[in-house]
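Could you build all of it, start to finish, from the sequences and the hints given here?
Residue numbers (the numbering used here), protein chains in the order written: chain A, 1 to 523; chain B, 1 to 523.
No lab work stands behind these hints: they were computed from the structure.
All C-beta atoms, glycine included, are put in the ideal place defined by N, C-alpha and C.
Do not take every clue at face value.
[To be verified] Here are the in silico distance ranges between beta carbons for each label pair:
{"#": "1", "chain 1": "A", "residue 1": "D39", "chain 2": "B", "residue 2": "A359", "range": "40 to 46 angstroms"}
{"#": "2", "chain 1": "A", "residue 1": "E269", "chain 2": "B", "residue 2": "R10", "range": "44 to 50 angstroms"}
{"#": "3", "chain 1": "B", "residue 1": "A359", "chain 2": "A", "residue 2": "E269", "range": "39 to 45 angstroms"}
{"#": "4", "chain 1": "B", "residue 1": "Q487", "chain 2": "A", "residue 2": "T176", "range": "27 to 33 angstroms"}
{"#": "5", "chain 1": "B", "residue 1": "A190", "chain 2": "A", "residue 2": "E118", "range": "42 to 48 angstroms"}
2 protein chains.
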Amino acid sequence: MTTTKSMNVRGEKLALEEWGNLIESLHDEKTDTALFNIDDKDDREYDAIFLGGGAGGRFGSAYLRAMGGRQLIIERWPFLGGSCPHNACVPHHVFSDCAAELMLQRTFGGTLWFPPMEGVVTSIREVVDLFRRGRTGPHAMMNYQSKEQLDLEYILNAPGRIVDPHTVDVAGRRFTAKNLVLGLGARPQALDIPGSGLKGVYSNVSLVETLDYEPSDTVVVIGGSKTAVEYGAFFSATGRRTILVVRSECLKLIPDAEIRGYVLDRMKEQGVEIWEGSEALRIEDDGEGRVQAVVVRTPDGEKRIETDFVFTALGEIPNSEMPAQALGVEVGPRNEIIVNSRLQTSVPNVYAIGDLIGAPMEMFKARKSGMYAARNIMGFEAHYEPKDFPDFLHTHYEVSWLGLSEAEARVRHRNVVIIKMPPDNPNGLNAALPASDRTMLYAMAKPHMSGYQKLVIDGDSRRVLGAHHVGYGAKDAFQYLNVLVKQGLTVDDLGEMDELFLNPTHFIQLSRLRSGRKHLVDL
Amino acid sequence: MTTTKSMNVRGEKLALEEWGNLIESLHDEKTDTALFNIDDKDDREYDAIFLGGGAGGRFGSAYLRAMGGRQLIIERWPFLGGSCPHNACVPHHVFSDCAAELMLQRTFGGTLWFPPMEGVVTSIREVVDLFRRGRTGPHAMMNYQSKEQLDLEYILNAPGRIVDPHTVDVAGRRFTAKNLVLGLGARPQALDIPGSGLKGVYSNVSLVETLDYEPSDTVVVIGGSKTAVEYGAFFSATGRRTILVVRSECLKLIPDAEIRGYVLDRMKEQGVEIWEGSEALRIEDDGEGRVQAVVVRTPDGEKRIETDFVFTALGEIPNSEMPAQALGVEVGPRNEIIVNSRLQTSVPNVYAIGDLIGAPMEMFKARKSGMYAARNIMGFEAHYEPKDFPDFLHTHYEVSWLGLSEAEARVRHRNVVIIKMPPDNPNGLNAALPASDRTMLYAMAKPHMSGYQKLVIDGDSRRVLGAHHVGYGAKDAFQYLNVLVKQGLTVDDLGEMDELFLNPTHFIQLSRLRSGRKHLVDL
Chain A
1 MTTTKSMNVR
11 GEKLALEEWG
21 NLIESLHDEK
31 TDTALFNIDD
41 KDDREYDAIF
51 LGGGAGGRFG
61 SAYLRAMGGR
71 QLIIERWPFL
81 GGSCPHNACV
91 PHHVFSDCAA
101 ELMLQRTFGG
111 TLWFPPMEGV
121 VTSIREVVDL
131 FRRGRTGPHA
141 MMNYQSKEQL
151 DLEYILNAPG
161 RIVDPHTVDV
171 AGRRFTAKNL
181 VLGLGARPQA
191 LDIPGSGLKG
201 VYSNVSLVET
211 LDYEPSDTVV
221 VIGGSKTAVE
231 YGAFFSATGR
241 RTILVVRSEC
251 LKLIPDAEIR
261 GYVLDRMKEQ
271 GVEIWEGSEA
281 LRIEDDGEGR
291 VQAVVVRTPD
301 GEKRIETDFV
311 FTALGEIPNS
321 EMPAQALGVE
331 VGPRNEIIVN
341 SRLQTSVPNV
351 YAIGDLIGAP
361 MEMFKARKSG
371 MYAARNIMGF
381 EAHYEPKDFP
391 DFLHTHYEVS
401 WLGLSEAEAR
411 VRHRNVVIIK
421 MPPDNPNGLN
431 AALPASDRTM
441 LYAMAKPHMS
451 GYQKLVIDGD
461 SRRVLGAHHV
471 GYGAKDAFQY
481 LNVLVKQGLT
491 VDDLGEMDEL
501 FLNPTHFIQL
511 SRLRSGRKHL
521 VDL
Chain B
1 MTTTKSMNVR
11 GEKLALEEWG
21 NLIESLHDEK
31 TDTALFNIDD
41 KDDREYDAIF
51 LGGGAGGRFG
61 SAYLRAMGGR
71 QLIIERWPFL
81 GGSCPHNACV
91 PHHVFSDCAA
101 ELMLQRTFGG
111 TLWFPPMEGV
121 VTSIREVVDL
131 FRRGRTGPHA
141 MMNYQSKEQL
151 DLEYILNAPG
161 RIVDPHTVDV
171 AGRRFTAKNL
181 VLGLGARPQA
191 LDIPGSGLKG
201 VYSNVSLVET
211 LDYEPSDTVV
221 VIGGSKTAVE
231 YGAFFSATGR
241 RTILVVRSEC
251 LKLIPDAEIR
261 GYVLDRMKEQ
271 GVEIWEGSEA
281 LRIEDDGEGR
291 VQAVVVRTPD
301 GEKRIETDFV
311 FTALGEIPNS
321 EMPAQALGVE
331 VGPRNEIIVN
341 SRLQTSVPNV
351 YAIGDLIGAP
361 MEMFKARKSG
371 MYAARNIMGF
381 EAHYEPKDFP
391 DFLHTHYEVS
401 WLGLSEAEAR
411 VRHRNVVIIK
421 MPPDNPNGLN
431 AALPASDRTM
441 LYAMAKPHMS
451 GYQKLVIDGD
461 SRRVLGAHHV
471 GYGAKDAFQY
481 LNVLVKQGLT
491 VDDLGEMDEL
501 FLNPTHFIQL
511 SRLRSGRKHL
521 VDL
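So, in structure tokens, the structure goes:
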């Protein structure tokens with residue numbers, strides 16, 4: 001495909017609303033008009049062309065530009081920001097917000113101002129439509145900010161074709177640069193069983209792009225990690241029977257066993273069926289090219305589930321084929337482009353960033369790898385390897401963690417002290433603490449649903465080794481807490497902090513209750 | 001009043017549920033049976049008697065006990081934890097959660113799964129009743145944790161009478177200690193105008209203790225600071241006309257002018273009427289001892305508001321009368337007991353902590369002042385003065401802040417750089433960012449409601465001077481971010497952190513977009 005039509009937006013200062021209208025018209029009409037935002041007055045050679053304007057390309061460009069360099073983003077979509085605001089993290093958060101809302105509404109249905117929800121199935125399609133209408137807003141912000149505030153150069157709505165490590169053709173023009181930065185992202189791994197091409201089989205990408213009917217009352221989710229659970233919790237919250245078909249164990253990535261147990265128990269309590277050790281064998285056609293049923297091998301034998309809606313979440317495959325073919329960059333076993341800690345590929349002057357270089361396929365890594373590539377390109381040697389980062393996922397809840405699990409800590413340290421809420425007690429989780437924002441009604445009426453949290457401490461050094469939280473409102477805190485933990489945060493430091501009560505993480509005040517002791521003990 | 005009946009709970013290991021039942025029976029029946037949890041096997045003299053088992057007394061006791069000392073709490077209520085879980089921060093959070101929920105439900109009423117809410121007035125009384133039933137849970141946890149986990153000694157459901165700095169009489173027994181720690185808290189300042197004693201005039205305390213009818217469709221709130229706004233936002237969210245009668249300016253305590261403007265605009269958008277420069281003159285009797293109307297002097301003349309429900313939030317008055325009379329401790333102009341930075345009063349061996357020593361009447365100060373009193377009592381000189389702490393309040397939103405406002409920063413620094421979201425742009429706040437948990441539906445469909453945030457930076461040193469956030473899910477983070485800011489956090493440090501996207505505070509990624517620049521500029 002060669003894009004030939006073009007529009008020069010350089011001289012115009014489009015407002016957010018105007019950007020929104022332009023993006024929608026280009027996206028909806030699938031026109032191939034390329035948008036050029038090139039600074040013709042700058043006659044310097046580009047320091048880098050960023051192929052792909054997702055998180056990595058945009059942040060890498062911003063950083064390189066901030067350092068005084070010249071950059072060009074080439075992006076096939078009519079907006080910057082990549083898959084996140086279009087079909088990944090933003091819709092995921094929309095669905096997770098709906099799951100949390102619906103769980104609350106169902107739990108209190110028929111009381112207070114909540115309508116009875118027994119047997120009510122709510123629309124999936126309306127939420128997808130809401131997101132589809134709403135996503136242009138963040139898209140517009142990315143384009144606006146990148147042009148008016150960050151002073152970036154970019155060409156949108158046009159795929160680039162790599163000619164060599166310094167040359168890219170796009171929309172009938174040729175651009176050269178000292179370096180090429182590949183930020184082409186990843187795509188959902190496709191399900192490869194009979195019937196996986198039928199209408200009614202979705203990934204997170206195709207769901208928001210193509211859903212055009214209301215799924216019936218049963219959903220099959222294939223996968224058991226972050227994306228599978230995040231979407232599965234939402235489908236379940238809509239009132240549909242939801243079965244997670246998980247090859248091994250669900251949410252293995254949650255490091256702490258008690259936390260994982262709490263998370264899974266709450267999912268099951270909401271009605272999510274988790275079929276571990278199971279595998280989808282085939283999807284049956286209804287005779288008109290649509291899904292009619294899924295056949296699953298389970299530890300109890302084969303089962304057939306009638307449904308018209310299958311959601312697959314099998315991980316992501318880096319889009320490395322095109323650059324591998326064009327440039328011969330080295331590619332790893334999972335289709336990822338191999339880079340060193342300077343983000344350099346096997347081909348001189350070619351860098352790769354973001355999901356394209358493999359795990360962890362997280363936003364911070366995409367953005368920071370772009371930033372580090374920019375530093376190296378601008379002559380400042382800088383090494384980046386993501387490690388010791390905090391992590392999170394959504395069920396109907398937010399689940400956040402950092403550092404070591406209790407079991408991991410016990411392997412490495414002889415004197416591990418645990419502070420948790422609720423504590424071990426004869427009434428178990430039926431304890432009206434923890435409580436904080438968004439869990440107050442649970443804390444008052446359904447205590448066991450009000451969350452669970454744990455701090456893992458080395459009793460000898462008094463240092464915090466790990467922190468784990470299920471509830472709401474702690475995810476943001478884990479970003480900053482993680483920095484403090486890496487600095488060597490102790491239980492005594494925590495005890496000296498100023499809590500904003502009722503704080504989602506009760507770590508500060510719980511630590512204070514114990515920190516007077518020379519010899520720490522559990523709480 | 002002398003309590004004579006008593007029950008010894010020392011030998012029994014009551015579970016949470018048993019504690020709950022016991023507390024309810026004592027509280028509801030208003031029996032004067034004192035609960036004794038005294039370690040008769042410990043023949044040491046008490047290092048301290050804590051008079052009052054609220055946040056300060058309980059944390060001070062826990063810390064002193066953890067240091068190896070012996071303590072005794074004497075508390076008039078049948079539970080530890082004080083006013084917070086009984087009628088202050090916990091119900092406040094319940095009401096604020098309801099306000100946020102109801103705003104969401106009204107905004108999306110009639111769409112998705114939300115019922116139409118136009119004209120619907122929801123019950124205040126049912127939420128009060130829910131809280132009243134639920135509050136025993138946290139009470140039970142405090143008693144359980146304090147006895148079984150923290151090994152504290154306490155006497156509950158019995159007021160103590162101070163004999164001298166070493167002696168307190170309670171429930172017919174006399175106890176002596178090396179020191180006395182006063183933690184008697186504060187009470188709502190009473191409204192002092194004609195009619196303020198009528199039925200239908202409430203404070204946060206009397207509301208949850210005595211509300212026994214459903215307020216009609218108009219609410220008058222007298223006050224314009226944290227408590228007034230937190231409860232007023234809830235009353236408004238129930239669908240009632242809600243008028244805040246504010247003597248000077250509403251929410252003056254929010255330091256940043258733009259943030260304050262956003263907060264007030266969103267309250268007004270929800271229908272809250274804010275009458276600044278106004279004063280309630282008298283409350284009219286309906287002839288049967290109930291409120292019928294409030295007469296208010298406003299900048300536009302006197303107005304009469306018909307209502308049967310008035311909520312007063314005029315601040316808190318320390319309960320210093322009894323100790324002042326019994327001991328002669330020095331008391332300040334706002335009824336607060338004067339202490340030095342070691343928490344010592346003017347009387348040797350008598351300490352005072354918590355709300356009793358005046359502003360800031362915040363949970364962290366109550367607890368930390370207890371902890372520091374314990375250190376001093378145990379022979380470790382320790383000085384405590386709350387300063388540079390983060391702060392927050394609720395409207396329908398969470399509002400969090402730390403450090404300097406933009407205006408404060410511009411007075412002290414010549415080169416202030418602002419990073420905010422949404423940024424200044426021709427479409428103003430109608431921008432679909434920020435977005436994160438609990439604001440996703442707004443971000444998609446009502447962008448201007450999705451929050452507002454600002455980072456204030458010294459462009460020369462690159463240090464963060466202040467942070468400000470309106471939205472949800474950032475309050476917890478401000479606890480830890482505040483520590484980092486006090487350490488000297490820079491925009492470059494922020495850019496190196498690992499965000500958990502979509503993070504409520506977009507500070508990390510926004511900083512990264514600018515941190516490549518030698519000379520910082522606004523974003």
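Each hint tested on the structure:
1. A:D39 - B:A359: 40 to 46 angstroms: violated, 55 angstroms
2. A:E269 - B:R10: 44 to 50 angstroms: violated, 37 angstroms
3. B:A359 - A:E269: 39 to 45 angstroms: Since B:A359 and A:E269 have Cβ atoms about 44 angstroms apart, the given range 39 to 45 angstroms holds.
4. B:Q487 - A:T176: 27 to 33 angstroms: violated, 45 angstroms
5. B:A190 - A:E118: 42 to 48 angstroms: This hint holds: roughly 46 angstroms between Cβ atoms.
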